[in-house]
Amino acid sequence: MLALKRGRRILGTMVLGTIVGTAAACGGGSADSAGSGPFVFYVSIDTSGPTAVLGGGLLAGARTAIKDINAKGGIGGRQIKLEVANDQNNPTKAVSELQRRLAKGKPDLVYPGGSSAVSMSMLPILTRDKVLSVGATSSIQLNDPKKFPYHFGVTPPSSAYVPTFVQLAKEKGYKKVAMIYSDDATGQSSFKQYEGPVKQAGIELVSASYDTTALDMTPQLQQLRAQKPDALIVNGYGTAVLYVLRGRAQIGWTLPSYGDQLASPSPIAGKVTAAQIKNYQVIMQTSSLVGDRQHPGLAPVIKEFQTSDGAKFLTQTGVAVFTTTYDLLQFVAYEAGQEKTTDGQKLAKAFEKFKTPANPPWVGKGPNGEVTKYEYTPSNHFPMTSATSFKYVQPGTYDADGFYVPGKGY
Amino acid sequence: MTTLSASRENPPGGNPRAGNTAVPALLRGGRPLAGALLTILVLVAPLLGLNDYWARTVLLVAILSLQVSGLNIVLGHAGELAVGQVFLYAVGAYVTGYLGVSHGITDAGVIVVCAIACAVVVGLITGIPGLRLGGWSLAMLTFFLVLIIPNLVKVLESFTGGANGLAPPVPTLFGTPLGRDALYMLIVAVTAVWFLVARNLILSRHGNAFLVLKQSPVLAGSLGVSVFRLKLLVYVTGAIPACLAGVMFAWLDGFIAPETFTFTMALSILAASIVGGSTSIYGALAGAAIVQLGQQSFSSFQDWQLLIYGAFLLVAGILLADGLTGLVRGRARRIVRRFGVAAPAGRSAAPADAGPADLGALPGARLRTKALCKSFGGNQALREVTVEAEPGQVTALIGPNASGKTTLLNLVCGFYRPTSGTVELGGRELGGQRPYRIARAGIARTFQTPLIPSGMTTKAFVATGRYVSHRVRVPAAVLRLPAFRRGFAADDAEAVRLLGLLGIADVADREVDSLPLGTRRLVEVARALAARPAVFLFDEVGSGLDEGDLAGLERAIRMIRDAGGTVVLVEHNFPLVLGLADRIHVLSQGGLLVSGTPAEIQADPRVLAEYTGSNAAGKTIGSEG
Amino acid sequence: MTTIWAGLATGALYSLVAIGYNVVLLASGVVNFANAYLIMIGTFLAYVCLVDWGLPVAAAIPLTGLAVAVIAVVEERIAIRPLLNRQGGHAALITTVGVGTLLGGIAAKVWGTEPVRVPSPFSAEPLTLLGGTIQRNDLVLILLVLALGVGLHLWSRRTLLGLASLATAENRQAAQARGLNVRALGLGAFALAGLIAGLFAVFVAGRTYAHFHLGETLALFGFVAIAIGGSGSQLGGLIGGFAIGLLYAVTARYVGDSYPQIVVFAVFLLILLTRPRGLFGGAAERQV
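Protein chains in written order, with numbering that gives the first Met the number 0: chain A, 0 to 409; chain B, 0 to 624; chain C, 0 to 287.
Note that these hints are calculated values from the structure, not bench results.
Among the hints, a few may not be true.
With a straight-line Cα cutoff of 20 Å, these simulated SDA-like cross-link-like pairs (lysine to any residue) come out [stated by the list, open to error]:
hint: 1; chain 1: A; residue 1: Lys407; chain 2: A; residue 2: Ser307
hint: 2; chain 1: A; residue 1: Lys146; chain 2: B; residue 2: Trp303
hint: 3; chain 1: A; residue 1: Lys129; chain 2: B; residue 2: Gly164
hint: 4; chain 1: A; residue 1: Lys92; chain 2: B; residue 2: Trp53
hint: 5; chain 1: A; residue 1: Lys129; chain 2: B; residue 2: Trp303
hint: 6; chain 1: A; residue 1: Lys277; chain 2: C; residue 2: Ala146
hint: 7; chain 1: A; residue 1: Lys105; chain 2: B; residue 2: Trp303
hint: 8; chain 1: A; residue 1: Lys311; chain 2: B; residue 2: Trp303
hint: 9; chain 1: A; residue 1: Lys171; chain 2: A; residue 2: Pro148
hint: 10; chain 1: A; residue 1: Lys92; chain 2: B; residue 2: Gly164
hint: 11; chain 1: A; residue 1: Lys198; chain 2: A; residue 2: Pro148
hint: 12; chain 1: A; residue 1: Lys311; chain 2: C; residue 2: Val115
If you want a taste of the chain A side facing chain C, the calculated C-beta under 8 Å gives, among others [stated by the list, open to error]:
hint: 13; residue: Gln140
hint: 14; residue: Leu204
hint: 15; residue: Val205
hint: 16; residue: Asp215
hint: 17; residue: Gln219
hint: 18; residue: Thr253
hint: 19; residue: Pro255
hint: 20; residue: Gln315
hint: 21; residue: Lys352
hint: 22; residue: Pro356
Bear in mind that the values here come from a model prediction, so they are computed numbers and not experimental data.
A virtual CB, placed ideally from N, CA and C, is assigned to each residue, including glycine.
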């Protein structure tokens with residue numbers, strides 16, 4: 000009985016704490032909003048779910064950039080303030096969190112979630128409130144300047160990876176290609192992006208999808224195998240990639256297999272056997288490969304990453320995830336400096352006529368920022384890339400600097 | 000929140016000695032007014048400066064509470080664990096999306112009507128197989144429904160947009176697109192209307208019938224209620240708010256994708272229901288608020304979120320196992336007691352306040368079994384029993400344990416099917432019919448162990464006897480039409496009068512499950528009387544009664560007899576039987592031993608042998624009595 | 000045949016969870032939602048034993064079993080015991096979900112959110128058997144789960160303790176009145192369920208990897224197995240698990256990937272309408 004009473008008090012405190020905490024978080028405090036005070040960078044990301052590792056890398060990159068930019072006087076004279084919302088990759092939660100922030104005033108810049116579904120749920124609200132957003136989610140539905148005039152992508156759309164595959168398939172003379180993909184929004188959109196170009200190149204495409212909760216993919220692989228394809232494209236992240244590779248080895252199927260943009264960075268080193276990755280290759284942006292020529296500013300920035308809180312993520316996600324947010328902040332700061340404004344709408348207009356300068360302050364896009372160019376147009380809000388920016392390599396792992404080392408770790 | 004917690008009483012029924020009723024009467028009077036004021040306050044909150052975040056929170060709570068309300072009706076009131084609210088939620092959302100995207104229908108009224116229609120159809124389709132088979136099947140069936148949502152969405156991609164989701168357009172009302180504030184008010188208003196409907200339904204005889212069903216389907220059947228149909232009514236009613244919630248969600252977020260409709264959401268609904276109190280009407284709101292606020296605030300704990308949410312569920316589940324409203328009610332009761340509003344110390348056995356001791360004429364009829372047999376497996380429980388009970392007479396069935404008395408009663412009531420032989424009421428064959436049909440034909444019974452539901456007052460329980468014979472339809476109850484008010488008042492008056500006849504009018508406003516055993520038996524007699532049946536089957540109604548209660552009982556049985564009713568008494572209490580019965584049938588080992596008047600039976604040596612447990616009869620019998 | 004083997008191997012996982020549910024359900028009438036999460040924690044503990052401490056498999060398996068049994072006992076103490084004398088049996092569903100979520104959160108916090116490979120005691124070289132290929136680990140898993148299920152089934156029917164647990168599931172009060180120590184029985188059931196979860200964790204991880212999200216998937220499919228097989232029947236849970244594993248694999252292979260769940264649902268309906276208590280559910284209750 001005593002324990003029960005004590006428990007009740009604990010519960011009471013918890014509930015009260017929750018309510019007070021929520022109230023404090025929403026009601027009080029200074030109203031930081033666009034145009035005055037600190038420059039608020041609002042990041043909606045999963046920090047407790049299956050993709051939390053990516054979130055860790057993105058946040059570490061952002062923090063490093065903020066330290067650097069703030070030391071140099073901030074964006075347009077305003078210090079950057081980072082605000083993180085844990086959306087758990089759930090569109091409904093992301094919208095709730097965003098509304099909570101908007102109630103205090105508009106942030107200056109928003110990173111709208113770690114998956115395309117989350118971005119799709121946030122963008123209508125951000126557009127309505129005319130908030131500038133810059134994201135690394137790659138669904139082509141997001142590249143719609145008419146519908147979302149204030150949203151820009153900073154990583155190549157997933158379709159940018161496809162030409163590299165088509166080129167390779169032609170070289171190898173594949174007649175029929177199979178794809179196994181996750182039956183969710185991300186997997187389906189990846190499949191659609193391969194479908195068009197592959198068929199256009201005169202290559203037949205067969206496919207099978209798996210449920211996101213599946214623990215085994217041999218049936219799907221066998222179904223594909225029965226159709227005798229020449230190569231396999233693998234979509235998925237985390238355990239899904241492991242299950243595909245495991246199943247492939249189990250049925251003794253060693254056809255050439257290629258990870259897509261999602262499967263490729265998935266950390267599999269140390270979790271697969273040599274037999275399981277036989278003939279499996281991953282696609283990488285050349286700028287994230289070890290030994291590639293890099294921007295002269297990158298090495299010192301990596302040193303910064305290595306001393307930050309998120310250092311442990313560097314070897315898990317690679318430096319490219321860090322530079323995604325690092326570079327986007329540097330880019331926004333640079334533009335704000337050029338245009339002498341921090342106003343979201345004016346910045347959005349300016350982005351649409353941007354030309355990469357000779358020696359850009361962003362460090363992860365090649366020596367002169369030429370690998371991924373933030374060169375937007377009024378009809379295209381995703382960056383420019385070329386097929387040569389990507390390369391199929393042996394699966395490997397990231398070195399201490401976060402560069403991908405093909406073949407390392409097996 | 001105290002003023003909001005539910006009681007199953009109508010406002011005017013206040014009783015100053017209400018220490019044991021659901022909620023102190025003091026708090027009861029102002030409740031509808033307070034509810035209306037609160038609703039209006041919430042409704043206009045955006046105009047008073049409620050910011051977008053809190054407005055959205057209010058709406059999310061409202062939406063969750065609709066789902067919880069759906070679950071509460073099914074789980075808390077009818078005792079069926081059905082976790083399929085999420086499925087109906089998805090149906091509502093996709094109906095909205097489909098109508099809007101494919102047909103350009105955005106009118107809120109049209110969509111709500113369509114959604115309700117879909118809820119009813121889906122409720123019937125999923126409810127009929129699930130309910131036919133009872134508890135576990137329904138739980139599993141509904142669990143499966145939630146599981147297959149993503150697959151159905153994919154298979155029906157042309158309607159649902161598949162994995163990529165669907166973006167329903169902004170709703171309109173009379174052709175005007177709804178802005179944010181208008182949408183807010185619409186959602187709050189729909190929620191308020193639903194809770195009013197739910198309250199009116201639950202605080203009616205229908206709600207009491209749900210509680211009876213939850214306690215015991217056997218009791219429900221013997222009240223003439225078709226258990227299956229009532230369950231279906233409950234289930235379909237519960238489907239409606241869940242479906243409406245889906246509609247609101249689609250309007251609110253403007254984006255629906257299969258990832259939203261998960262089993263995790265079903266668990267949140269269940270958690271909110273339990274935390275708020277499943278049997279409470281407004282507990283749904285409290286539970287939904289706690290769970291929604293919890294989920295919202297815990298997500299800001301970043302990578303501690305899972306840990307904290309898990310701990311929250313654990314602690315809340317343990318401490319609020321009886322629901323928040325249960326906790327509040329308990330506390331309110333204690334406070335009332337402390338302020339000297341004494342609980343009744345004991346009841347005055349006062350047949351004086353019995354009112355006019357008049358039952359009017361009862362439509363008695365002759366009950367007759369012919370060569371009735373029943374065997375369970377190879378075990379012959381009843382062999383060729385032919386007995387009769389005449390109207391205007393008390394017929395007693397006696398016999399030692401396992402002599403087949405209760406088996407005979409269960410056969411008459413339809414709980415067992417006869418292996419052979421017939422049961423006739425007034426010349427009409429009843430054998431093999433379902434219990435509720437037999438009850439409707441005019442047979443009422445009491446139970447060896449009184450079947451007493453929890454969560455209602457004695458007079459409400461007695462009035463359930465009139466549920467079938469004096470039926471008030473659901474729409475009348477929901478809309479509180481005059482027919483409902485008349486029926487409610489008549490039921491109450493009749494219940495109090497019958498309790499008075501039995502000398503226990505003073506327990507009318509007490510919680511019926513707080514009564515001692517003896518009183519429960521009398522309450523059961525009153526409940527049987529309320530149906531005004533032709534035949535009364537009293538199963539050991541005298542055991543456990545004290546002198547005063549026994550006197551009341553005897554008086555009542557005589558009254559029934561004098562009013563022309565057919566009374567069948569199954570009793571161990573030999574003196575009681577001798578004093579009351581006009582005719583006695585003695586059963587032994589599944590067969591009829593002898594029939595006769597009390598004097599004949601008393602003199603019969605075989606009966607004596609059976610009852611005194613003389614050596615000849617073996618050592619089987621006669622321990623009670 | 001390879002598809003059949005794959006189905007059986009996945010089915011073994013579902014059966015294992017269903018068996019764990021049933022052990023507790025039979026003895027104390029509680030649906031222990033956290034059971035699948037116990038297996039998940041077990042996979043991580045096996046990783047700790049095998050990799051962090053470098054123990055041999057023969058030591059790691061019993062150690063993991065014991066550790067998970069202890070966790071299960073703690074769960075019973077904090078999540079079930081306080082509810083024993085309360086009304087309303089559904090609170091246990093919430094508290095066990097709470098424990099499951101908590102375990103998931105702990106796993107994510109301690110071992111991260113990326114899958115972890117637990118070294119398998121068997122070679123990864125697939126085996127060719129009856130015309131199909133199967134991983135050695137999976138074959139062992141199938142055989143062990145089969146043995147466990149049948150063994151528990153016989154045990155619950157033939158031994159005194161097993162019958163006592165059946166009696167408790169049937170009617171708690173009556174069992175208590177006959178002098179059965181219901182509490183000890185309940186605690187024992189949790190310990191047993193935890194022990195099973197821990198002992199099998201190495202083999203489970205050999206198939207699924209250790210991942211903090213594993214509990215959720217397994218929990219759901221364990222329920223599906225019970226729905227098909229009938230609650231409270233060890234044999235039913237066992238066969239239910241294997242049956243859905245096979246159904247999923249065969250449908251995914253030959254019909255299409257959106258349909259497995261729907262096919263399983265159809266089979267469930269079929270069983271529901273022909274055998275209302277599940278394939279192996281107990282006899283119908285008496286009414287009065």
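Close enough to count: is the Cβ of A:Leu204 nearer than 8 Å to one in chain C? violated (16 Å)
Within 20 Å, alpha carbon to alpha carbon, are A:Lys277 and C:Ala146? violated (35 Å)
A:Asp215 was flagged as interface toward chain C. Is the shortest Cβ-Cβ separation under 8 Å? The hint holds - A:Asp215 has a Cβ within 8 Å of chain C, the shortest such distance being about 5 Å.
Proposed proximity, B:Gly164 with A:Lys129 (alpha carbon, max 20 Å): It is violated: about 24 Å lies between the C-alpha atoms, which goes past 20 Å.
Is the Cα-Cα distance between A:Lys92 and B:Trp53 20 Å or less? holds (14 Å)
Is the hinted pair A:Lys129 and B:Trp303 satisfied, with a Cα-Cα distance of at most 20 Å? Violated, at roughly 33 Å.
Regarding the hint that A:Gln140 lies at the interface with chain C, is the smallest CB-CB distance below 8 Å? violated (22 Å)
Holds or violated: A:Lys146 to B:Trp303, with C-alpha atoms at most 20 Å apart: violated (36 Å)
Quick check on A:Gln219 please, does its C-beta sit within 8 Å of some C-beta on chain C? The hint holds - A:Gln219 has a Cβ within 8 Å of chain C, the shortest such distance being about 6 Å.
Does A:Ser307 lie within 20 Å of A:Lys407 when you go C-alpha to C-alpha? violated (25 Å)
Quick one, are A:Lys92 and B:Gly164 close enough, alpha carbons at most 20 Å? Answer holds: A:Lys92 to B:Gly164 is near 16 Å, not above 20 Å.
Interface hint for A:Pro255, Cβ within 8 Å of any Cβ on chain C: Status violated, d = 20 Å.
In terms of the numbered hints stated before, the structure departs from hints 1, 2, 3, 5, 6, 7, 9, 11, 13, 14, 15, 18, 19, 21, 22, listed from lowest to highest.
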